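Engineer: Here is what each chain is made of, one letter per residue.
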Amino acid sequence: MTNELRGKSAIVGTGHAGFGEAHGLTAYDVMAQSALAALSDAGLKLSDVDGLFCTMMEDSMPALMAAEYLGIQPRFIDGTMLGGSSFVNYLTSATMALEAGLCDVALIVYGSNQRTASGKLVTASRPPAYEAPYNPRYPISAYAMAAARHMHEYGTTREQLADVAVSARAWAQHNPEAFERGPLTREDVLGARMVGDPLTVRDCCLVTDGGGAIVLVRADRAKDFPKAPVYVLGSAAESSHRQISQMKDFTVTAARESGKRAFAAAGVSHDDIQAVELYDAFTINTILFLEDLGFCAKGEGGAFVEGGRIAPGGVLPVNTNGGGLSCVHPGMYGIFTVIEATRQIRGDAPGIQLNNIDLALAHGNGGVLSSQVTAILGSQATL
Amino acid sequence: MPDATGPDQIYDCALASKEILLPKCDDCGAYHFFPRVLCPHCHGTSISWMRASGKGRVHTTTVVRRKPERGGDYNVCMVELEEGVRMMSRVDGIAPGDVAIDMAVTAFVDDAEGTPIVLFRPAEV
Ligand SMILES: [Zn+2]
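Each protein sequence line maps, in turn, to chains V and W.
The first sequence begins at 1 in the working numbering and counts up one residue at a time.
The second sequence begins at 1 in the working numbering and counts up one residue at a time.
Worth double-checking, as some hints may not be accurate.
[What the hints assert, rightly or not] Beta-carbon label-pair distances, calculated as ranges: (1) Arg51/W <-> Asp59/V: 54 to 62 Å; (2) Gly191/V <-> Lys55/W: 48 to 56 Å; (3) Gly71/V <-> Gly29/W: 51 to 59 Å; (4) Gly294/V <-> Cys13/W: 44 to 52 Å; (5) Ala297/V <-> Pro40/W: 23 to 31 Å; (6) Ala117/V <-> Ala4/W: 38 to 46 Å.
[Unchecked claim] Stretch by stretch, here's where chain W covers chain V in the computed footprint (C-beta under 8 Å, at least three residues): (7) 39–52; (8) 57–66; (9) 148–154.
Source of the hints: derived by calculation from the structure; they are not laboratory data.
Fair warning: this is a prediction, and the values are worked out from it, not measured in the lab.
We put the CB at the ideal spot given by N, CA and C, even for glycine.
Please work from the sequences and hints to get the whole structure.
Structural biologist: The structure is reproduced here in structure tokens:
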């Protein structure tokens, strides 16, 4: 996104459904319930939607399936599949489509029943031919190797990784929507079952059901809706690879570029950001993204997250809903970074509501650290 | 099988005779892996196949934890070859947790499970 698109679209509704376990429901059921919740939040109806932005983890044409299920006939669809970052990426295409008059009401939506359907991460993608013979466990082996390299190069410790999970849980404990709200200590994380060295099961995101949805309109009519509009001030993407074996530097993600451009488009600096919502599929993600987005220098992410510095009452509020580690992780988490950032700015966050939030950052990750998309959202006051 | 023509076929055919061939760009001189019809560095399309030295270093590594009754833990790692390309592989001959970053390793072609694959063992000192 460039400066010309700054503040041109606004989020006027968010919704979610099926958090935790959505017994008896399909992924599309959860998707539809999420859509209804977001439209209700915006005071709109499904029949108002003429732009659909959707991908799912089942089927080769999920956006068409979703439109069919919802009983709508969109005049603009973006079904780009970048993994979990897709839903942050849709903020860019939705803003462009709205601004160009290609649609008037944009619905970004996702749903999954992966927990009750299979109990593990489901993926529609084939294992890459030159990796499959070695039986890596996707996606954890990829993230484990990134963590191992970060530890090797920068002295990052398992204790620091664990502190990311402990902080996420501390936020989740205040969020009635979060799936895991029990106590969690550093020792619990370190002593949990090792899944892919150096990551234990507590370094890994949850496997839950759930869906989310976001409704966007052009900024010029954003004040005509029940909730305070949240503006898309900047969004930017960059992708660096698809297969983990093609990642050039295992300690640096394309978030460096996406972040730089999102900040430039929004015209704000790091000190202005009051809440940071990152796609934390694994504890190493939070460390990598805080570094690559510029909240700390490369290699200093471990120290940055240590000892509650990103927990409630710390120096920077990160993943204020509990994140994918403790709140919800239905296969792809990206949409929930935008939803939580929006709710913090509106003042109706489900857990800890931070005081007077005008600017928040949402960051999506897709594939195996492959696709990075950063968005900066702001209140009316930031326009 | 007719003569190998596609990049994957050329790689697989060589592997079947226990030879590791790597694609190298005639234009910029850089190697790449996985095999393709163009050079991902300069986008040239003139590619030659070179015999790999087999020497490499572990760039990063993990242990996939698996229950003993299902075969036990095993190593998955990224090896950086002397030619400058990386491939996913496994270091055999030592415990999976003993595979260490920067460890010097040597490639070999294993066909124990029917399909030949490139594996590594710790390099002789
Ligand atoms: Zn070249």
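Engineer: So which hints don't hold here, by number, going up?
Structural biologist: Those not satisfied are hints 1, 2, 7, 8.
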